[in-house]
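J.: Line order of the protein sequences matches chains X and P. For what it's worth, my numbering labels the leading residue of the first sequence as 16, then goes sequentially. For what it's worth, my numbering labels the leading residue of the second sequence as 16, then goes sequentially.
Be aware that a few hints might be false.
Note that identical chains are pooled: a pair holds if it fits in a single copy or bridges any two copies.
List time: in silico DSS-like cross-link candidates among lysine-lysine, alpha-carbon distance up to 25 Å [to be verified]:
1) K96 - K36
2) K25 - K126
3) K36 - K126
4) K64 - K25
5) K64 - K36
6) K30 - K126
7) K36 - K25
8) K64 - K126
Bear in mind the hints are in silico, worked out from the structure with no lab data behind them. Fair warning: this is a prediction, and the values are worked out from it, not measured in the lab.
Listed below are the residues making up each chain.
Protein chains: 2
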Amino acid sequence: MNFLEERILKDGIVKPGNVLKVDSFLNHQMDVELIDEIGREFHRRFKHKNITKVLTIEASGIGIACAVARCFGVPMVFAKKSKSINIDGDVYVAQVESFTHKTQNNVIVSKRFLGPDDHLLIIDDFLANGCALQGLISISENAGATVEGLGIVIEKGFQIGGRVIRNLGYHLESLAIIESMDGENGTLTFAPQNN
Amino acid sequence: MNFLEERILKDGIVKPGNVLKVDSFLNHQMDVELIDEIGREFHRRFKHKNITKVLTIEASGIGIACAVARCFGVPMVFAKKSKSINIDGDVYVAQVESFTHKTQNNVIVSKRFLGPDDHLLIIDDFLANGCALQGLISISENAGATVEGLGIVIEKGFQIGGRVIRNLGYHLESLAIIESMDGENGTLTFAPQNN
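Chain X on its own, in the form it takes in the complex (with noise of 0.2 Å):
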């Protein structure tokens, strides 16, 4: 079991409805330590590729995705959930479903921090559905950018998302992988790894 895994185990707080709460140590409340640890895992996952951006989307990616891109060396862009007047008209696009919000949003990165000269770590708290990431990688792909990886702090691997996101061929890292929940008894497995 990995540091993250043992974290879960010990904090983390599963619901009825495959709710797993983090929001102690990843997703509210933030240990930073914790955070500095799973940005050099990513690292450690990811530094044989020639990463020159991370990407990730706000909210709760930011502060992961900055741990990240300190340890490759490189600057970070969030993708914007909603249109700002204070970002340019010249934006990339994507039409993102949120699982937890229950909500449609439009997910814009500015034509400037993105291009075909990019070779981006996409990265991100949670996957279940996947839609955030299909968003962030439809995103890229506008941009001519190359998607180099794709790093995730939890999977929900019991849910479509990973599966998809594989098998369109993209090298997707899960630091765990959540099997199964059980919210009766607030319990939960996780996938082995090879890592």
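Guided by the hints, dock chain P onto chain X, whose structure is given.
T.: This is chain P only, laid out in the frame that chain X set:
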């Protein structure tokens, strides 16, 4: 002129309507080295305080608050802007108006992550009319926590927010205070700083 003011002059873009775009290094694309330097500077200015937690609000405050929290060796908590089904009902709430998006948001923090023992450093990227900061102060006071200080990356000194918060007796430090902006010529001036 400090490192941040220099960077704003180099890469910031002044637009009509008192809009300063710093999205190439601060709040869309992030220069992680600069963010780390910002973290160290806030630590230098507040290290004599007994900070137990850093508090910010999603989204663009998160990366900066992580860098600050790392310097202090404490957790970071970010307030969320809408009620998620993954948040317990047991939350502190404040109403916040967004200058950028012209919307009202509920800002919430779980009661599990703020309490009377907390000595907070509140961090955000921008301060204009101060609604976001006032919401975070309100939440902190409701939690019985002590607001030891507030750290802002860029303050629009010609708007009311900074004056209100200093008048309330809080220790507010802004790394760059914009005295005036000229959207026609794309220029700005900074207020002098003692630090």
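J.: Work down the list of hints and note, for each, if the structure agrees.
T.: Against the structure, the hints:
{"no.": "1", "hint": "K96 - K36", "verdict": "both (22 Å within a copy, 18 Å between copies)"}
{"no.": "2", "hint": "K25 - K126", "verdict": "between (42 Å within a copy, 20 Å between copies)"}
{"no.": "3", "hint": "K36 - K126", "verdict": "between (35 Å within a copy, 15 Å between copies)"}
{"no.": "4", "hint": "K64 - K25", "verdict": "neither (33 Å within a copy, 31 Å between copies)"}
{"no.": "5", "hint": "K64 - K36", "verdict": "neither (32 Å within a copy, 32 Å between copies)"}
{"no.": "6", "hint": "K30 - K126", "verdict": "between (40 Å within a copy, 18 Å between copies)"}
{"no.": "7", "hint": "K36 - K25", "verdict": "within (12 Å within a copy, 42 Å between copies)"}
{"no.": "8", "hint": "K64 - K126", "verdict": "within (23 Å within a copy, 42 Å between copies)"}
The structure fails to meet hints 4, 5 from the earlier list, while all remaining hints are met.
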